[in-house]
Each structure stands twice: as structure tokens, then as C-alpha cells.
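Undergrad: Spelled out, the chains give:
Number of protein chains: 2
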Amino acid sequence: MPKPSHRDRLLHVGMQVVHERGFGGASVRDIVQAAGVPQGSFTNHFASKEAFGLEVISRYAEAARGRAAATLGNDALAPLQRLRAWIAADRAAQADGGLRNGCLLGNFTAEANDCGDALRQRVLEAFAETQRRLAECLRAAVAAGELAPSTDCDETAGFILAAHQGATLLAKAQRSERPLAGFEDVLFGRVLPLAGPSR
Amino acid sequence: MPKPSHRDRLLHVGMQVVHERGFGGASVRDIVQAAGVPQGSFTNHFASKEAFGLEVISRYAEAARGRAAATLGNDALAPLQRLRAWIAADRAAQADGGLRNGCLLGNFTAEANDCGDALRQRVLEAFAETQRRLAECLRAAVAAGELAPSTDCDETAGFILAAHQGATLLAKAQRSERPLAGFEDVLFGRVLPLAGPSR
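Heads up: the sequence lines are chains A and B, in that order.
Read left to right, the first sequence gives residues 13 to 211 (the working numbering).
Read left to right, the second sequence gives residues 13 to 211 (the working numbering).
To be clear, the hints were calculated from the coordinates, so they are not data collected in a lab.
A couple of the hints might just be wrong.
Chain copies aren't distinguished; within one or between two, either way the pair holds.
Taking lysine to aspartate or glutamate pairs in the DMTMM-like style, the calculated list, with each CA pair at most 25 Å apart, reads [claimed, not checked]: (1) 61 x 158; (2) 61 x 126; (3) 61 x 189; (4) 61 x 164; (5) 61 x 102; (6) 61 x 166; (7) 61 x 42; (8) 61 x 32; (9) 61 x 167; (10) 61 x 197; (11) 61 x 148.
Predicted model, so just to flag it, every value in this text is computed and none were measured.
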């Protein structure tokens, strides 16, 4: 395997630093120090901190896409089991970070209202992609008879995305999985309009 | 009315600056400039930026407490109408900020994982207080026959708090009230275990 370039290393380590400290809280100096590369490397590879931020968001979204493909896209599972698997995979990723970091996309959104429109657009695309995948999974659940035919899959997917972000935020605040467990309980117990046996 | 002191002015204007730019993104220089007071005022009145942050959180929580008292605590309304009034009051406050700022408590939580344990504890207390008020309102709704007697009011209150934070975050990302409207629809349409006429 070729040695990772300074660029790869800056993105790999820098994503972690941004995830932990926020985009505003992670200075270029912090990032190059954590990556163990010369400061000049950063300016060689990225035209600006914003250009770096765009790549960090894309890289994080790519990882989220991978988790979604392996779970929401796993045709070997019944549709609602795919949804449970997606929640479990995300929860494991949060637990890996000691429940300290939350979601990088949510953090970008929250941390400032002027983080730059290009960054906000990239975050929005990532959110929209997740919402689309969730809606597809819900439609598959309707088709499989797991959810009521009247389910508004797009609205429900939007609600799931938002409620999941909120549970992630509260889990970070409390350093506890409890909000994530409560989210899953209420989602499957009440939010999803399960198809009854008589319908 | 006495002229507001520099301290009041720093807190009043500083809260707005922190709400817009995040705590990390708002430097002491930004805050004193926005408040139009000499830099020395800040150090006269606050032992540290963290001490200032604690007061900002308390002040924001106080405003949230006022909105909750006027809505969730409004005995002239039926309990679920109190909940709707709380959501509407918060939504109006978000719209006032052009849907750009989100919730200051959520922002503090999201922006960094090392913002200081004292700050995180203060945020947690404010979240816990809102959750308690929501749970009280749900218990009143059960007592009034609006919600099913089997309602787990504490779990549901935790879910509402988290889902509301998430909807607020997505509204900020999208600069749109749509996630807030979706939250309210799903909350009243499905999450709340309404007491049926036959129960």
C-alpha cells in the first residue's frame, strides 16, 4: 500500500480534529500539528480553510453513505430491520467517540450562522441524501406490508432525520446513550405507522 | 429606568453575538466591540470568558423559562394546547432570528467537545428543566383525559426535547420552517398517545 500522502493525512486526522473541536475551534495550526506535517503542506494542498472544510464534510458524508449502504441498502434484511441496523451502526460510531463528538454535520450546522454558504450547502446535500435513503427504506417497508400504505414516507423520513440529529445532540450533552435509546423506542413504538394484522 | 450597566450591556449584546457566531467563534474583542464598551469592562465584570459563557447560558435559559411559564404553565389552556403554544412561541423566536441561529443551548453542545464541564453542566440543567416542564404538561394531559393513561410522560418528554432540538437544527441548516412544521405534525399526529373516545 502506498504511504498516505500529506493530503490524505491532513484530511484523515483533520476530520477527527474538526469533529472533536468544531470547525471554528480547529485552527490550521492544530490540524497540521495533529497530522504531524509541515504547515506549508496545508497551503500546498488546500486553497483555504473553507476548501479544506468542504473536503472534510465530503469525507464524513462518504463514511455515512457507506454505513447507509451497508444497512439501509441491505436487501438481505426486512426493511424495518434495515432501519434498525442503520440506527445501531450510527450508535456504534458515536459510542466509539465516547459519545463526545456528536454528528459532524450537525456540529457544522450548529456552530455558527456564517460558516460559509458553500459549507452549509455541502452539509445540506449530505442531510438530503440520508433523508432520501431513509424514505426509500420506508417505501420498501410499505411495499413489504410492514408499514401502513398511508405512510407519508418523505415526511416521516424528514422527521426521523431531525429526531435522530436531536437525539445525537442530547446524547453528546449528556454523554449518555439514553437519548438514542429513547429515540429508537418511540420511533418503532409510535412514530412508524405499523401495518396492523387486520389492515 | 436606570441606564444599563456595562455588565448588562455585555451580557445582552454578547448573548446575541454568541448565538450568531457560537461561543468559540465569538471573541472577547467581538463582544466588547458589539457592546460598544471598553475592553477593560469585560475583564472588570467577568473573571474569564468561561464565566461570561455561564452567565450567557443562564440568561438564555431564563428567557426559555419565561416562554415555558407563559405557555406550558398557562392553566387557562387545555394541556395539549399549552404544548402547542410552547412550540409556537419557540418557533416565533427562531423566526425572529431569520432561522439562522438555532438554539443557543444546542449550539453550545454541538460546537466542541471540550467547551468546559461547567458550561456543559449549565446547559444540561437548562435542558433538564425544559424536559421536566414538558413532562408536567404531559401528566396534566393524561389527568385531563387528553392522553392515554399508559403514557410514559418522562420518556415522551425526553423524546420531545430531543426531536425539537433536531428540528431546530435542521431548520437552521435549511433556513426553513419546514422541519419545525414536520416535527409538530408527527408529534401530534403520531408520537402522542392520544386518548381515544373508546378508552
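Undergrad: Determine for every hint whether it applies to the structure shown.
TA: Comparing the hints with the structure gives:
1. 61 x 158: Close neither inside one copy (46 Å) nor across copies (53 Å); limit 25 Å.
2. 61 x 126: Close inside one copy (14 Å) and across copies (21 Å); limit 25 Å.
3. 61 x 189: neither (33 Å within a copy, 30 Å between copies)
4. 61 x 164: So residue 61 and residue 164 fail the 25 Å test inside a copy (40 Å) and across (47 Å) alike.
5. 61 x 102: Neither, since 28 Å and 34 Å both go past 25 Å.
6. 61 x 166: For residue 61 and residue 166, the Cα distance exceeds 25 Å both inside one copy (35 Å) and across copies (43 Å).
7. 61 x 42: Intra 12 Å, inter 21 Å, cutoff 25 Å: intra and inter.
8. 61 x 32: both (17 Å within a copy, 20 Å between copies)
9. 61 x 167: neither (35 Å within a copy, 42 Å between copies)
10. 61 x 197: neither (40 Å within a copy, 40 Å between copies)
11. 61 x 148: neither (35 Å within a copy, 47 Å between copies)
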